[in-house]
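Peer 1: The lines below spell out each chain.
Number of protein chains: 2
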Amino acid sequence: MPTAGILVIGNEILSGKVTDINSPYLCEQLREIGVDVERILTIPDVLETIASEVKAMSESYDYVFTSGGIGPTHDDLTIEGVAAAFGRSVEVDAKLERMLRSVLGDDLSEGQLKLATVPAGASLIDSDDKWFPLVVVENVYIFPGIPEGLRRKFESARDRFEGVPYVLKRVYVKRHETEIVETLNALLEEFPDLVLGSYPKIRESSYRVLLTLESRDENYVQRALDRLLADLSDGAIHKVE
Amino acid sequence: MPTAGILVIGNEILSGKVTDINSPYLCEQLREIGVDVERILTIPDVLETIASEVKAMSESYDYVFTSGGIGPTHDDLTIEGVAAAFGRSVEVDAKLERMLRSVLGDDLSEGQLKLATVPAGASLIDSDDKWFPLVVVENVYIFPGIPEGLRRKFESARDRFEGVPYVLKRVYVKRHETEIVETLNALLEEFPDLVLGSYPKIRESSYRVLLTLESRDENYVQRALDRLLADLSDGAIHKVE
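Which chain is which? The protein sequence lines are L and P, in order. Mapping of the first sequence onto numbering that gives the first Met the number 0: position 36 corresponds to residue 35, and the numbering continues sequentially without gaps. Mapping of the second sequence onto numbering that gives the first Met the number 0: position 30 corresponds to residue 29, and the numbering continues sequentially without gaps.
Hints may contain errors.
Copies of the same chain look alike in the list, so a pair counts if it works inside one copy or between any two.
[Stated by the list, open to error] Each computed DSSO-like pair below joins lysine-lysine, with the alpha-carbon atoms no more than 30 Å apart:
| hint | residue 1 | residue 2 |
| --- | --- | --- |
| 1 | LYS173 | LYS238 |
| 2 | LYS16 | LYS200 |
| 3 | LYS238 | LYS168 |
| 4 | LYS200 | LYS168 |
| 5 | LYS16 | LYS54 |
| 6 | LYS168 | LYS54 |
| 7 | LYS94 | LYS54 |
| 8 | LYS173 | LYS16 |
| 9 | LYS54 | LYS238 |
| 10 | LYS94 | LYS168 |
Please keep in mind that the hints were generated in silico from the structure rather than gathered at the bench.
Isolated chain L (complex conformation):
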């Protein structure tokens, strides 16, 4: 099954000025299409750090998604960092430069020209809108930090990442986690490949624990669910979804 790492780049996240809503979005989307996100890493706008982490993630996962560090200013270092990760130079892409000149006029400053700069040999995937294309180097997909731009670009590329989705069942339980832990352990012994999550809720009156049962095999998760429901007493279950 395809795996992915997400690399969030930006001092503004680490300093608490901006909340990263891109990695939750990507996690949700990728889960839906069956790609396993194995790691999310947030790092500062430092060229060497970006380069070494992109390299490490690219070697470890099928896909790497970067978020942030794209733009004309001093702290926009992602393009250079991804290039360095693969020992590539950066170059001004002719098509991007034309687009840029049509928007900003013919007299581009050095900073403005940065917007047309990509790692040498990068692929550009057209988004179906006026925005810049998605830049791809090897298995690294370079997304902007602005959420609207990231979403638009992800949607336009989503079909490339199809995996096998999980089937998810939710069981809302009216018991404390400590009261059902033996039942859960017995369930996992019988269904060792079940992906089982147990999430206590406080300040919630109708249930105390949300259990999630997942598998890529619908039949397997259904059998596990049946076993769990048989093991829990009727009064213990708030609802099943």
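Once you have looked at the hints, place chain P on chain L.
Peer 2: This is chain P only, laid out in the frame that chain L set:
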């Protein structure tokens, strides 16, 4: 200045079922008291991964904050992982066990006893409420994943992490980022130690870019601000905070 790494532990984050609101909270709090967060890493509930990442972060930063993986069930592996990171065993803490028996009764299951288990030699910091104390091993602070619990425990320990806070100035600019990039580069040349952020906003009518100027030296940031405001034309500024 003190540095920190945040380690978020939990499949539920990576699979998009739960949004991590703990690391944004910690980043904001730590920034306020002047501790530099250098990395946020989210990993699955896998013992070896927890152990190796705790070890790496503990060696790299002054403080490590873990979030999640605390509880009675199969996927609660943080205590064991932190112990393994330092080559320690785990042990049942006598005081915690007493607290647990007073709540759950004398007949504790193995899963329930996990709640009283800590890495050998851990320090326990009392929170000023009925909740379990904060468990500390070396420079690693072990927080629960439930946001209410994390916040309560952080507040009770906050005084331990005092650094030197940054002074932050915000300038809201009515120009595109591409129009002010040369001004920003000139500013950084004159004030190389300035922490300067530039964040474009779309779908915002009153300004186009938020600039953040930061330094731990109030005088330095004020001089940089004065220079920036002198360099930008009056009509370019929406407001300064």
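Peer 1: Indicate, hint by hint, whether the structure satisfies it.
Peer 2: So, going through the hints one by one against the coordinates:
1. LYS173 <-> LYS238: Within one copy, since 9 Å is at most 30 Å while 52 Å is not.
2. LYS16 <-> LYS200: Both ways: LYS16 and LYS200 sit 28 Å apart in one copy and 14 Å across, limit 30 Å.
3. LYS238 <-> LYS168: This pair counts as within: shortest intra-copy Cα distance 11 Å, inter-copy 50 Å.
4. LYS200 <-> LYS168: within (17 Å within a copy, 39 Å between copies)
5. LYS16 <-> LYS54: Intra 27 Å, inter 28 Å, cutoff 30 Å: intra and inter.
6. LYS168 <-> LYS54: The answer is neither: 36 Å in one copy and 35 Å across copies each exceed 30 Å.
7. LYS94 <-> LYS54: within (27 Å within a copy, 47 Å between copies)
8. LYS173 <-> LYS16: Intra 38 Å, inter 20 Å, cutoff 30 Å: inter-copy only.
9. LYS54 <-> LYS238: neither (45 Å within a copy, 41 Å between copies)
10. LYS94 <-> LYS168: neither (47 Å within a copy, 38 Å between copies)
Going through the hint list in order, the structure does not satisfy hints 6, 9 and 10.
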